[in-house]
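Protein sequences appear in the order of chains S and X. Basically the working numbering = 1-based index in the first sequence + 604. Basically the working numbering = 1-based index in the second sequence + 604.
Be a bit skeptical, because a hint or two may be false.
[What the hints assert, rightly or not] Using C-beta positions, here's what the derived DEER-type ranges look like:
1) X:Arg679 x S:Leu981: 54 to 62 angstroms
2) X:Leu754 x S:Ser950: 42 to 50 angstroms
3) S:His946 x X:Phe751: 54 to 62 angstroms
4) X:Ile875 x S:Leu1006: 20 to 28 angstroms
5) S:Pro647 x X:Glu935: 21 to 29 angstroms
6) S:Ser784 x X:Thr1000: 53 to 61 angstroms
7) S:Ile966 x X:Phe751: 38 to 46 angstroms
8) S:Ala887 x X:Val807: 54 to 62 angstroms
9) S:Leu754 x X:Glu935: 37 to 45 angstroms
10) S:Ala887 x X:Ile875: 26 to 34 angstroms
11) S:Ala964 x X:Glu935: 44 to 52 angstroms
12) X:Gly684 x S:Asn890: 55 to 63 angstroms
[To be verified] Some residues of chain S that are not near chain X, with every Cβ distance over 12 angstroms (derived):
13) Arg687
14) Ser704
15) Trp726
16) Leu730
17) Ala825
18) Arg851
19) Gly931
20) Ala1001
Hints in this document: simulated from the structure, not taken from any laboratory. The beta-carbon is built from N, C-alpha and C at its ideal position, and this holds for glycine as well.
2 protein chains.
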Amino acid sequence: MTIPATPPSLRRSHIQHIKVEATGDADRLARAEITRIAEPGDPIMGSLIEHYGPQGALEQVRQGVLEPEFAQAERERAYGEGRRLNLGQVVTGWANRAVSAASRAPDDLAGGRLLIPGDPGWPSQLNDLGRLRPYGLWLDGQEDLRFACLRSVSLVGARAATAYGTHVAAELSAGLSDRSWTVISGGAYGIDAAAHRGALAGVAPTVVVLACGTDVSYPSAHQDLFQAVRERGLLISESPPGVHPTRMRFLVRNRVIAALSRGTVVVQAAIRSGALNTAAHAAALNRQLMAVPGPITCDVSTGCHALIRQNRATCVTSVAEVIELVGSIGEDLAPTARGPVHPRDSLNEETKRVLDAVPARIPQGLATIANAAGLPLPTTLACLGGLESAGFIRRTADGWRLSPPSP
Amino acid sequence: MTIPATPPSLRRSHIQHIKVEATGDADRLARAEITRIAEPGDPIMGSLIEHYGPQGALEQVRQGVLEPEFAQAERERAYGEGRRLNLGQVVTGWANRAVSAASRAPDDLAGGRLLIPGDPGWPSQLNDLGRLRPYGLWLDGQEDLRFACLRSVSLVGARAATAYGTHVAAELSAGLSDRSWTVISGGAYGIDAAAHRGALAGVAPTVVVLACGTDVSYPSAHQDLFQAVRERGLLISESPPGVHPTRMRFLVRNRVIAALSRGTVVVQAAIRSGALNTAAHAAALNRQLMAVPGPITCDVSTGCHALIRQNRATCVTSVAEVIELVGSIGEDLAPTARGPVHPRDSLNEETKRVLDAVPARIPQGLATIANAAGLPLPTTLACLGGLESAGFIRRTADGWRLSPPSP
């Protein structure tokens, strides 16, 4: 791959400290190259692009040395955070990968579309990530990412989910999709896959955020699922086509899932689940964090219960409760849980007491019922009359008894 | 039953506004009589006893008319609460029941022990109920109620509990009992019975608070369970022997369950469960209120989730978490939920990245691994050396691969 020569106006000395957000082809090609040479979410690369734009950043990488001012500022920042930073090593790493990337990728944007900051379809909520913002997003699918994510919820959880967990994920997801909410998740086994499958049953698109290239089916058992999402939603990734996932890439990917949506629902998660990593990102980004409770006898709900107990997540039990939290204030209120209304609810306290005192089968006289109800005879008699007219009780020759239940 | 003649010193004119808390036999007999003529938790009877003592209260009931000053104060209180109060009817009701009670109960304390306020065994936390305090408690069993309830937790929940609910109730209850915490519940089907059965498997006594006389087995299927509790714990009731339960008595009884214990755990409850009534009492009495989460697919956990969502109850998932809330501050801390510790946790970030880049089966060379890890060659080589000595990876003729999992 050939990087276009830097135009004189963008020489290093000129572009220092200028934030570049142009969307020309040169920028797009530079960002594509950067996704090949730097790990996603590398804060130093993020800063470099922030300061010099993608082309300026790339130029420094190719020369194998960073601007002294920038390097000094990064070293100080790292020192302030208690880390030692070997910038020479970092830049050498990038330069090595630039060489091997150039040898492997003859076509600049082969195998995918690259969406970059400044594009009309760029979801602006990703800018909340600051210097951890993706360099660009590789897309596969026909949907508009920005539009799809305007009303979106992330559903995340354990790969080792139980039948309960996948059932709940699919139900929530289908319900959200039916109400035009996009479901975002990660494409893994368990909760992720159930969430996408549920969303595909609804009307809204579903978005899979991968930790590998959009052309790599990982896990391979989800090849058909990913194909369905390509047709009905979007596969997106920070990594260029051909890249395989690593543990680190999964963790780093989680911040994108959290940042894209208005809120994250943890459906099932053990205490050390990667889903809790996404949850932490959502909370740090001031997104709504929600958790679904489950049986306390099951390890895979432990993480959800811990989030609820620590008041970090809101306990949610239905689609309506999720939408109430991520929806517009006053518009998407969940109905309060209510039980069935029973006919006896409308009775006053005295009448209820009399009703409770009327025997179910063997009729009793006024005095016995009044005594059991702890009420005077005239009151009891008045209540019995009302209960009889309302059909609660029956008068027989021997006294009153409850009406038999309706068939 | 014969009420002893009121001694001259306790004539109405003398005892007005004097709080009597004597524990003589006359008081005990008067309170026994009052449990027969007034419904448990009747606030007017509570006030009457508060003002005139049990004997003075009884005397007014037998005369069929209340002190004008007292009556006026009660009418004003009711008016302030937006209720109309027909005190004449109330007193007539009591008087009628006094007559029939006298005809049915030849022996004053037949069939049970009556514990009254001021007795050494009276649990003083019941005094938090104010004028709703029980007139006395009928006991069956050998345990000391006050001592048994010093460290106690109420476990309540649905009669229509699921297998999950009864399992959790029994496990929590057995765990609490094993740690010398008394379990209090109501003796009904479902959660109540499971709680008592679990507690009987532990070492602490269990207390059943009945809504009927302690000699009435309701439900009758629990006859054996109640017999076991008689031998290993206590059956207690506000109602005298022979009294059958009513819906009202169940609800009124719940305040005793809530008041006796340091906290109430709702194990399973639908939205209209009586257990939520106990929960409301516990919250009103500033006792700890806890709820156990469960599957959101199950109606009988809806009430628990509603309590948690409204921040009225703390979500609890283990015996330790319950004890942390009801136990002594700093002494009974629950351990934070933790997952297993993995060997890779101790590696630094760079080494983790290299480990993630090492292939599982087919060995790769240094350059490939360094490239995949995004790190310079020297760093990668150093990390590979460390990983090899620690046994994470193996060096072969063709490069490095992960060590096979230990058998």
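> For this structure, which hints from the list above don't hold up?
Replying inline: 1, 3, 5, 8, 9, 12, 13, 14 and 18
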